[in-house]
Amino acid sequence: MSTIAVTDANFEEEVLKSDKPVLVDFWADWCGPCKMIGPALEEISEELADQVTIAKMDIMANSDTPMQFGVKSIPYLVLFKNGEKVADKLGAAPKSALKGWIEGAIA
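The C-terminal position of the sequence shown is numbered 107 in the UniProt record's numbering, with every residue numbered one higher than the one before it.
No lab work stands behind these hints: they were computed from the structure.
A virtual CB, placed ideally from N, CA and C, is assigned to each residue, including glycine.
Where hints are given, some of them may not hold.
[As the list claims (entries may be wrong)] Restricting the straight-line Cα-Cα distance to at most 16 Å, the calculated cross-link-like pairs of lysine to aspartate or glutamate (EDC-like) are:
{"id": "1", "residue 1": "K81", "residue 2": "E12"}
{"id": "2", "residue 1": "K20", "residue 2": "E103"}
{"id": "3", "residue 1": "K99", "residue 2": "D64"}
{"id": "4", "residue 1": "K56", "residue 2": "E13"}
{"id": "5", "residue 1": "K99", "residue 2": "D29"}
{"id": "6", "residue 1": "K72", "residue 2": "E13"}
{"id": "7", "residue 1": "K99", "residue 2": "E42"}
{"id": "8", "residue 1": "K99", "residue 2": "D50"}
{"id": "9", "residue 1": "K85", "residue 2": "D29"}
{"id": "10", "residue 1": "K72", "residue 2": "D50"}
{"id": "11", "residue 1": "K35", "residue 2": "E103"}
{"id": "12", "residue 1": "K56", "residue 2": "E43"}
{"id": "13", "residue 1": "K81", "residue 2": "E14"}
[As the list claims (entries may be wrong)] Listed next, with one range per pair, are the computed distances between beta-carbon atoms:
{"id": "14", "residue 1": "L16", "residue 2": "D58", "range": "24 to 32 Å"}
{"id": "15", "residue 1": "N10", "residue 2": "P94", "range": "29 to 37 Å"}
{"id": "16", "residue 1": "D50", "residue 2": "K72", "range": "20 to 28 Å"}
{"id": "17", "residue 1": "E84", "residue 2": "D64", "range": "25 to 33 Å"}
{"id": "18", "residue 1": "A9", "residue 2": "S96", "range": "33 to 41 Å"}
{"id": "19", "residue 1": "G32", "residue 2": "N82", "range": "32 to 40 Å"}
{"id": "20", "residue 1": "P94", "residue 2": "Q51", "range": "15 to 23 Å"}
{"id": "21", "residue 1": "E103", "residue 2": "G83", "range": "28 to 36 Å"}
{"id": "22", "residue 1": "A49", "residue 2": "N82", "range": "28 to 36 Å"}
{"id": "23", "residue 1": "L90", "residue 2": "S63", "range": "17 to 25 Å"}
{"id": "24", "residue 1": "I4", "residue 2": "A87", "range": "27 to 35 Å"}
{"id": "25", "residue 1": "A107", "residue 2": "D29", "range": "12 to 20 Å"}
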């Protein structure tokens, strides 16, 4: 399963009510580092599909949710478990570092 797109309208259903952990990538089309980690997150979403859902939220098209979670800089990754924010990471990183962080956070 590849990454899913989430919006202000479906955030609660897709992220907060999910029965497995969800990593939300807050991003924007104009953000270079966001574009750099995009392919890595796609690969990780395939590799860890049974353990975590990876969702992407475009902050330019959706402003309510990023404001609610205090997004001030991107890329900003937030891991949710059982409807609660349990971990976050600001900035881009190589795929191996991102995957290691995600695996540690969902354990």
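Fill in: Range agreement (Cβ of P94 with Cβ of N10, hint 29 to 37 Å)
30 Å, holds
Worksheet item: When you check the alpha-carbon spacing of K56 and E43, does it fall within 16 Å?
Response: Holds, at roughly 14 Å.
Worksheet item: Are K56 and E13 close enough, with their CA atoms no more than 16 Å apart?
Response: 14 Å, holds
Practice prompt. For P94 and Q51, compare the CB-CB distance with the range 15 to 23 Å and indicate the outcome.
Written response: 20 Å, holds
Worksheet item: Does E103 lie within 16 Å of K20 when you go C-alpha to C-alpha?
Response: Holds, at about 13 Å.
Discussion item. Can you tell me whether the CB distance of G32 to N82 sits inside 32 to 40 Å?
Written reply: 33 Å, holds
Practice prompt. For the range 28 to 36 Å, tell me whether the beta carbons of A49 and N82 fit it or not.
Written response: The hint (28 to 36 Å, Cβ to Cβ) is violated, given that A49 and N82 are roughly 19 Å apart.
Discussion item. If I claimed the Cβ atoms of E84 and D64 lie 25 to 33 Å apart, would that claim hold in this structure?
Written reply: About 19 Å separates the Cβ atoms of E84 and D64, which means 25 to 33 Å is violated.
Worksheet entry | Hint consistency between K72 and E13 [alpha-carbon to alpha-carbon, up to 16 Å] | 24 Å, violated
Practice prompt. Take a look at whether the Cβ-Cβ distance between L90 and S63 falls inside 17 to 25 Å.
Written response: 19 Å, holds
Worksheet item: Does the Cβ-Cβ separation between I4 and A87 fall within 27 to 35 Å?
Response: 19 Å, violated
Worksheet item: That 20 to 28 Å hint for D50 and K72 (C-beta), does it hold up?
Response: Given about 33 Å between the Cβ atoms, the range is violated.
In this structure, the earlier hints numbered 3, 5, 6, 9, 10, 11, 14, 16, 17, 21, 22, 24 and 25 are contradicted, and the remaining ones agree with it.
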